[in-house]
Amino acid sequence: MKKTVSVLIALLMLSGAVGCGQSDGPQITDDTESTAQITTEEETEMPEVTNEIIEAPDEDTGLSVWYAHSFTKTDPEKPEDTGLRSYTVYMTKGEVENAQIVISSQDEKSGLSVTCTPLKNKNGDEIGTQIYRQYYIKCGKTYYPDPVAPMNDTTRLFDVAAGGSQAMFVQLKTTADTPAGDYEGVVSVHDGERTVKQVRIFAHVWDIVMPEVLSGAAVSGMGSGDIYRFHDRNNGTDYYKEYYDFLLDYHVNAYELPYDVLDERADAYMSDPRVKFFRLPYIGDDSKMVAWYNKLKTNEEWFKKAYFYPFDEPGSVDALNQMAGYCMRIRNLCPGIKIVVPFFQDVQYNKEKDQVAFMSEFIDIWCPKSFCFTKTTDRAQGRKMLYNTLQKKNYAEFGERMQAEVEGGDELWWYVCWEPGLPYLNMYVDMTGMQNKLLFWQQKQYNVSGFLYWSCTFWERVENPWTNMATVGKDYRTGQTWLSEKVFGDGSLLYPGSVNGVDGACGSFRLEMIRDGIEEYEMMTMLEQLAGRDKVDQIINTVSTSIVQFSDDEAAFAEAKIRLGSELEAALAAAK
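Counting from 1 along the sequence shown, just add 756 to a position and that's the residue number in my numbering.
Careful, some of the hints might be misleading.
Unchecked claim - Listed next, the in silico BS3-like pairs over lysine-lysine satisfying Cα-Cα at most 27 angstroms (straight line):
(1) 1242 to 1230
(2) 997 to 1094
(3) 1140 to 834
(4) 897 to 1242
(5) 929 to 878
(6) 876 to 929
(7) 1094 to 1053
(8) 1060 to 1032
(9) 929 to 849
(10) 929 to 997
(11) 1131 to 1107
(12) 1332 to 878
(13) 849 to 834
(14) 1140 to 1242
(15) 1291 to 1332
(16) 1107 to 1044
(17) 1140 to 1109
(18) 1107 to 897
(19) 894 to 876
(20) 1094 to 1032
(21) 1291 to 849
(22) 1060 to 1107
(23) 1109 to 1051
(24) 1032 to 1051
(25) 1032 to 997
(26) 1109 to 1131
(27) 849 to 1332
(28) 1109 to 1094
(29) 1242 to 894
(30) 878 to 894
Treat the hints as calculated values from the structure; they're not laboratory data.
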């Protein structure tokens, strides 16, 4: 059946208000609504779906099961039934995507489990599925989903409190060879041996192959000390390597490789197309740095992936001079290796030169904090500006200066950490999933090619990350507060599986949003190459019009993703 993309979401609109922790942050304002409501009249073949309820063999009328968008964070204490008894996952070939089901009960239930059949098309081709359980973290007075663990012998059975709910991800994974088209399966809830609830699940696979080598980059710190605090160093497993490999499935590269560059075992990683970047430690040993350089020079691919990160967040003239000394040493010992120095200030270095102009002489990868792209015309309560009043008069908008650096051959990343909070997007646990993922749409909006996150395993200050994500708050050992007790999840995207019966890393709701955001960034890049930047901007502007003006309409965000895939598929077909 053919429908226009603008009416694809008749069912999705049912769940537009679902979620917990919806912010009172900025909305797309009236003067941008005409842009935000752009739709397309291109016709796209879409699957026939039904919201008809399936009666399970041992139907339990005291249980309710419904779907929510994969980016909707649900409050386990305040379930809100969306009315969605089926759901369609839209995905490319070679991609991982989630559907999300929520199970609620009138009475207390224990020993429940969830299964999903493979999804099949009319020819019998299959898409494999895996169930992941969400766990909840209390942030202030509200519980938010964040830890995510695969269902295994330890996590397979779960309980639901009376009047409460439990959310699960139904994860679908396609390969580059998965036939495009429509697939269908069934999700079942079991109470012991009885099948007590069933709902349909659909997938629409676009005729698009997600590239193995993505255009965007995501890098993150990862501390072995934090990892081995929760895992046995002496059981023969290299847990740093396990965690590193785990991140690769999310398109994230930990700063350091599992092995020293001079170790032959590092060669396979440096040649892996999923490894886009790796950091060389800035050390005092000249001979070791030269040895790294000499090895990397033997392979152009390896050389392009290496970078130094010798200094962090310079914020004074003295700090800039120190940074410059480090960078000049690198230039002398390892000429041509890229250098990144994250920053969030613009110190006036002297009368003629600000920090941005000074740093341009020493770095190859720009990495400002996201709020630096705030324009003087952007209006929002709590906005932050990089420039002081005089700098606003003397220098071009920061985004324009960054674009000039990119045109001159540099790369442009950005980062967030314990700040900025709203009206900016971040990776906080208590932000909505849409806000977590939309950051990567804004990354495309501002022509930024990489995302840097300072750590994914910063558990040093919390006794158990599964129950406390105030990672930069009060230290459980000393009682001393570092940055804030009201920031949840900073520096932590992973969870130690040893706490929950998994021999390795467990992911998070936010890490799922990062993977989705990176893959959608890639789809935008592909569409831009085929159909032009205006086409991409039209789609982005339906959900974000500036760094501080974005929608919280989840149905509109779901529609924007569908439109992105449909228009990319059409552009690819036209290019054949």
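**Item:** Hinted pair residue 929 and residue 878, Cα distance within 27 angstroms
**Value:** holds, 18 angstroms
**Asked** Is residue 1140 close enough to residue 1242, meaning Cα to Cα at most 27 angstroms?
**Response** holds, 19 angstroms
**Request:** Compare the distance between the alpha carbons of residue 897 and residue 1242 with 27 angstroms, and conclude whether the hinted pair is satisfied.
**Result:** holds, 11 angstroms
**Request:** For the pair we were handed, residue 849 and residue 1332, check the Cα-Cα distance against 27 angstroms.
**Result:** Holds: residue 849 and residue 1332 sit about 18 angstroms apart, inside 27 angstroms.
**Request:** Verify the proposed pairing of residue 929 with residue 849, using a straight-line Cα cut of 27 angstroms.
**Result:** This hinted pair holds, its Cα atoms lying about 9 angstroms apart.
**Prompt:** Under the criterion that the straight-line Cα-Cα distance not exceed 27 angstroms, is the pair residue 1107, residue 897 satisfied?
**Reply:** Violated. Residue 1107 to residue 897 sits at ~50 angstroms, over the 27 angstroms cutoff.
**Prompt:** Between residue 929 and residue 997, does the CA-CA distance stay at or below 27 angstroms?
**Reply:** Cα-Cα ~23 angstroms, so holds.
**Prompt:** Is residue 1060 within 27 angstroms of residue 1107, Cα to Cα?
**Reply:** violated, 36 angstroms
**Asked** Are the Cα positions of residue 1291 and residue 1332 separated by 27 angstroms at most?
**Response** Since the Cα atoms of residue 1291 and residue 1332 sit roughly 19 angstroms apart, the hinted pair holds (cutoff 27 angstroms).
**Request:** Could you grab the alpha-carbon distance between residue 876 and residue 929 and see if it respects the 27 angstroms cut-off?
**Result:** holds, 13 angstroms
**Request:** For the pair we were handed, residue 1332 and residue 878, check the Cα-Cα distance against 27 angstroms.
**Result:** holds, 26 angstroms
**Asked** Given the hint that residue 1107 pairs with residue 1044, does the C-alpha gap stay at or below 27 angstroms?
**Response** It is violated: about 39 angstroms lies between the C-alpha atoms, which goes past 27 angstroms.
Hints 3, 13, 16, 18, 19, 22, 23, 30 from the list above are not met by this structure, while the remaining hints are.
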